[in-house]
Amino acid sequence: MSTFLQSRWAAPAGLAAGALLLLVSAPAALSVFNLALLGKFICFAIVAVGIGLAWGRGGMLTMGQGVFFGLGAYIMAMHLKLADASLFGGSGVPDFMSLYGSGEVPGWWEPFRSPVVTLAAVVLAPALVALLLGLAVFKRRVKGAYFAILSQALAAAFAVFLMGQQATTGGSNGLSGFRSFFGFDLKDPANKLMLYSVAAVVLLLALAATRQLMHSRFGELLVAVRDQEERVRFLGYDPATIKTLTYVIAAVMAGIAGALFVPIVGIISPADVGVIPSIAFLIGVAIGGRATLLGPVLGALGVAVAQTSLASTFPSFWVYFQGLLFVLVIGFMPGGLASLPQLVSRLKRRRIERGGKGSATAPATHAPEPAHPAPATAANVPEEASR
Amino acid sequence: MELLIGQMFAGLSLGSVLLLAALGLSLTFGQMGVINMAHGELMMAGAYTAFVVQRSISDAGVSLLVSIPVGFLVGGLLGLVLEGLLLRRMYHRPLDTLLVTFGVALILQQAARDIFGAPSVDVRAPAWLQGNMELLGAPIPLTRLFILLLSLVCLAGLVLILRATPLGRRIRAVVLNRDLAETSGISSRRTDQLTFFIGSGLAGVAGVAVTLIGSTGPYLGTNYIVDAFLVVVAGGLGQIKGAVIAAFALGVLQSVFEFSTTASIGKVLILVLVVVFLQLRPQGIFSLKTRSLA
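The listed protein sequences correspond, in order, to chains A and B. Residue 276 in the numbering used here sits at position 296 of the first sequence, with consecutive numbering throughout. To convert, count from 1 in the second sequence and add 439; that's the numbering used here.
These aren't lab readings, by the way, just hints derived from the structure by calculation. A portion of the hints provided could be inaccurate.
Unchecked claim - A few chain B positions that, by computed beta-carbon distances, are all more than 12 Å from chain A: (1) I507; (2) L512; (3) L597; (4) R602; (5) A603; (6) I652.
Said to hold, decoys possible - Pairwise CB distance ranges, derived in the manner of DEER restraints: (7) A:A(-1) to B:Q632: 47 to 55 Å; (8) B:R617 to A:R331: 26 to 34 Å; (9) B:I554 to A:P91: 48 to 56 Å; (10) B:L524 to A:E333: 20 to 28 Å; (11) B:L719 to A:P91: 27 to 35 Å; (12) B:V520 to A:R211: 33 to 41 Å; (13) A:A251 to B:T700: 18 to 26 Å; (14) A:E333 to B:L591: 53 to 61 Å.
Note that beta-carbon positions come from the ideal geometry of N, C-alpha and C, so glycine has one too.
When you get a sec, could you build the whole thing from the sequences and use the hints?
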């Protein structure tokens, strides 16, 4: 089994299996409603792939992925609003603008009438913001907690900004009520299936790209930067470039996910992009195993499914559960479920030792394995050294 | 002129609230390296303490004065529990403390919702804090003046503890060099606990204070936590004087920005300013000079 997992066929086979599952089995088994739900979860999973790369592999705790998700989403939403307005309204002015605003389309909306500009902006806008912030932060060697807090503040500011612009971004109501998607009717089940398939394909592509990246020299450098940034610098590489590039990749994934989220779910509002949703993106990644390829995806899907099934029936219980997940997973199982086999074997070994000596107590803080996916200790080594 | 003084005072007042929220953080984040996202919820606990105290003591003035120490205790004890159950296992993983305490924050928010209900409650300000004081023709709300004074008192108390008591000496020793402090016979475990108790207690006091200027809801803490962290980051880790300057600077700037643009653009400008500032001084206004890399 393990030899197969390491063989060169493993990745293409896994990709094919995933494609089969997502593109053939799921549409056959699920109703239109549930398929749209799965599409939404897949959008979160795409964000999670990026977070896994930046956080798990790169050690950058990105607490502001909601910003990039929101950028992609709002750009797409603006385009859909404008397209709807000229398709159905005739006036070319989105409905909410005549309600709250002057009834005129502001200048900075105009470029998004063009589908080409929109699609380009969905990728470029998050990339540009991430590039600027990444260069500003990483070039000056601001790291660890500082970066996390700055990215979180960015999310907070972004949400506040959106809420303040009732006339041009829909304020706290956000943008909703889309009727068509690049000319396709959004109510038609066939088009819904198409949207879902697009999301699924994007997820698979993101996974394939991330896998290639992880196994490239760049991926190894990234892990090296996470574990010993100074040593990488002494070797002649620039850690800031490596980190910034990774951050940009994660941001682009979040942006594309946001752009897909809008037509699938039908609404985007500041509540989907602020501090809380940005952090909520992280929990699935942590549960699945932040440093692995599939862990973030499976974790994000699992959390989304659990949230949908639990939150509607027991809203208060869900919040407690989510809080407990953060506490238990991050506090006691930082490698996520992916580290479970390791944990079990370590416990077994300890029990054997204890059986032999009678009173041996190995402190749990000493995570011994220098194995690859052990972010428990490895992820934070530079910070430990810095104090 | 009146407008200018009014704006300046609004800024100072905002700064004093930020300072109250950030003082405790500066202690726990700066000195101990724990990123306590539940700090805002400790404030919220302090605010609800004021509410509960006022229900048993109807006189608003007495209840306020009683609430301040009780809020300190409630915040501090909650912090102590948090530290003892979770954080002490994680001192070597600062980024992870952030997420764990975020989970705690979620739990505390929901607990407050279930205990006190989702709608906000109001704490009455005492009669002697109602109304305004005239300063060169500009009206100064007395509640805000009180918060300004309270923040200065807390600041003075904290500095006094750190500078002039054996406990403060131990705290500073553990911050500078944990191992050396241990070899000198200081229990770093007890010092950590006490540091966390004081830091969390200050959050409780901050919570009591903000009941005077707004209503108290389960999500009160989320309004302050991000700004408070920005203050600590801009001020420099573990630097009380940095936090003071950063808090008042951010407060004044924010009120100026909000006055000249809108509230939301003001927030964005503040963030941009902090990022630009960190370009110039990546370690904040003041920084501990060490020989460690980075």
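Results of checking the hints against the structure:
no., hint, in the structure
1, I507, "holds, 28 Å"
2, L512, "holds, 24 Å"
3, L597, "holds, 21 Å"
4, R602, "holds, 22 Å"
5, A603, "holds, 25 Å"
6, I652, "holds, 19 Å"
7, A:A(-1) to B:Q632: 47 to 55 Å, "holds, 54 Å"
8, B:R617 to A:R331: 26 to 34 Å, "holds, 32 Å"
9, B:I554 to A:P91: 48 to 56 Å, "holds, 50 Å"
10, B:L524 to A:E333: 20 to 28 Å, "holds, 27 Å"
11, B:L719 to A:P91: 27 to 35 Å, "holds, 34 Å"
12, B:V520 to A:R211: 33 to 41 Å, "holds, 39 Å"
13, A:A251 to B:T700: 18 to 26 Å, "holds, 24 Å"
14, A:E333 to B:L591: 53 to 61 Å, "holds, 57 Å"
Hint check: no violations occur; every hint is consistent with the structure.
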